[in-house]
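First to last, the sequence lines map onto chains A and B. Start counting the first sequence at 1; every next residue gets the next number (my numbering). Start counting the second sequence at 1001; every next residue gets the next number (my numbering).
Because the hints were derived from the structure by calculation, they are not lab data. From a predicted model like this one, the values you see are computed outputs, not experimental measurements. Some hints could be false.
The calculated lysine to aspartate or glutamate pairs, modelled on DMTMM-like cross-linking and capped at a C-alpha distance of 20 Å, are [what the hints assert, rightly or not]:
hint: 1; chain 1: A; residue 1: K170; chain 2: B; residue 2: E1096
hint: 2; chain 1: A; residue 1: K171; chain 2: B; residue 2: E1096
hint: 3; chain 1: A; residue 1: K131; chain 2: B; residue 2: E1295
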Amino acid sequence: MTSFHRPLPGEASHPPSIPPGDHPPVEPSQVSHASIMKSLVRTSLVSAFVGVLSVVASAKDVLVTTDWAAQNANHPSVRILEVSVDPGLYEKGHIPGALNVSWHNDLVDTVRRDIVSKDEFEALASRLGIKPDTTVVLYGDNNNWFAAWGAWIFNVYGHGDVRLIDGGRKKWEAEKRSFDTIPRAVNPTRYKVAKVNPDLRARLADVVAVAEGRSDARLLDIRSPDEYNGKLFAPANSKELSIRAGHVPGAVNVPWVKAVNEDGTFKSKEELRKLYAEAGVDGSTTTIAYCRIGERSSHSWFALSQILGYPARQYDGSWTEYGNAVGVPINNPSGTVWNGK
Amino acid sequence: MPFAGRLLAFLLLAALVVAAWHLHGSVFYGRVSSWVLLSGAVFGFVLQRSRFCFYCGLREFIEERDARPVLGLLAALAVGTIGYAVVLGAWVPFPEAGQYPPRAHVGPAGWHLLVGGLAFGAGMAFSGSCLSAHFYRLGEGSLLAPVALAGAAGGFILGFNAWEFFYLRALTEAPVLWLPKHLGYAGALVLQFLAVAALAFWVWRRGAVQPPRPAVGRSLRGIARAVLVERWPHWVGGVAVGLLATATYLRSMPLGVTSELGRLARKFGGQAGVVPANLPGLDEFPGCGTAYMTEVLFTPNALFVIGLVVAALAGGLAAGQFQPERPTWPRLGLALLGGVLLGFGSMISLGCSIGTLLSGIQAFAVSGWIFAVALVAGVYGGLRIRRALGQ
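Based on the provided sequences and hints, a complete structural model is requested.
Here you go:
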């Protein structure tokens, strides 16, 4: 399908801005000596500033604003992907230029409980027209939980530039921005996974090792305090349940909601660092994040791993695996007993 | 002869279907391309069967006091307005927030539209049709249409050369006026509806009473005749165009026929050195854009126009209306001149009677209305000049 290089109306009458790293050519006729000098000075100042910043800040941009998404959605080296778990949301209206990814079908293995296989992931990325240097930007409903899962998967399979739209779908709606129902037309590619990163993923054995004191990784339970304490087996209306309540021994509790502001955007790097440090998570050892089915923990994993740059793993089995596993140690402070209701 | 015509028409339609099926499965084109080809075919067929054309309608009203074609045009505007309102309500839930709907032909309401509309209107009067009608007349064997279209390519080149002036003095100085932003959807719908209704009433009153249409023969043959041979009632064509306009906006792009023509003029004119390389700001404005970079042979608009021409040809053949006539030299000259004006007017206005007037007004753009007013004036003036020349 042909790619259309047309900015959408409504994105103001300036040309689409290009992700950092590319600069549009300047027409010689438009540039005079004075303006050359001015832009030279400006560029060197900005470069110096950015150079200083990048030493301090994380090595790559991992969050984009809704403005950036509006301007760059149709850029050839950008792919905006919606990962919304509510059915039909993308079809009803999505960010103009976005493509749809179905969490239930595209990001997990539909036969065995596992993340999507390498082959299926390559097929997905190829279908979406992604190349190794494509900037992949995800967003979705439900506070970007499932989009964060998508970001985690892209990182597991070694994609270089993966970002989230800060605030997700909710922020886009709150800013009264326009939607579109036409999917973006992209040419399929032949995407090959260069490098799998299994160290971003924790398995049951790794978590049991921590529970039994055989590993110095930190466990981070990002569910609500009532789930952590065992008062609730699962949030109301959850379909995926466990028959034991509580948390993994040794896990600390920092609910995911503490990592975001009111409007759904992530808190600043400093605030996040402080938040997790108070619970004893400071990046000195690997942190393993888990929740109920691994979607909320992807969100916190993103905060730890991508924003703060800590070594962090996501335990995708989460409580629905651990709380149903036979013979693993559990801490249930509230003492609730499963009674089959 | 009629049988040969109908057989050919059937083969052409079959070829269109095969082409659409092929596009659908193609890696480079895909579903949307197939849809675009087919919607172009539907458009061409509707245009040919109902003779839907802004120029023809206006001329018939001005010179023959027949209000019905213009009422058909207004019906298209009315139906499309409702359809667009439904789609826009989903895509831009908060019109007051300052975002414009994706791909809609909502542009700056500037005086360039007066120039473009006047030129386009006069061009229609001289060449005998608007651009979309020239495309469908290609399908009827019109020998004026190719001349007018060639002239239009030249007019586009002229327009590209004048572009920077209009960009700096008109487009960048003018606000984008989108009615729902200021009035909400309800207010915009009511206002636009009242305007269209008022125009319709005035036109209807000024028109002479026309003899009633012959009744449709009460047989399959009679129905086939009514659909395939006789001119459709004007309101049918208008409603069909309005519905199609909504469907194409929802599924691909607003209706428009000048993108590909302009793109080719820009590309080959650029290579020949007659089109400036620097066209500031041109590709930022919505409308029938001319800047598609494409790795494949046929852009979406090219497919749309091909579908239009082929289906119009099929319609004309089936109806026995494929009748090339040998035009006189003065008419050819006027067609060429008219074509140049059509191309120039379209370029400056970023669209034509379909792209800027129809698709603009349906999208509640004030730019569409400004273009419409100038277009009508251009037709009126152009007709006077042309009749004075004895043509």
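What are the numbers of the hints the structure violates, in ascending order?
-> Violated: none.
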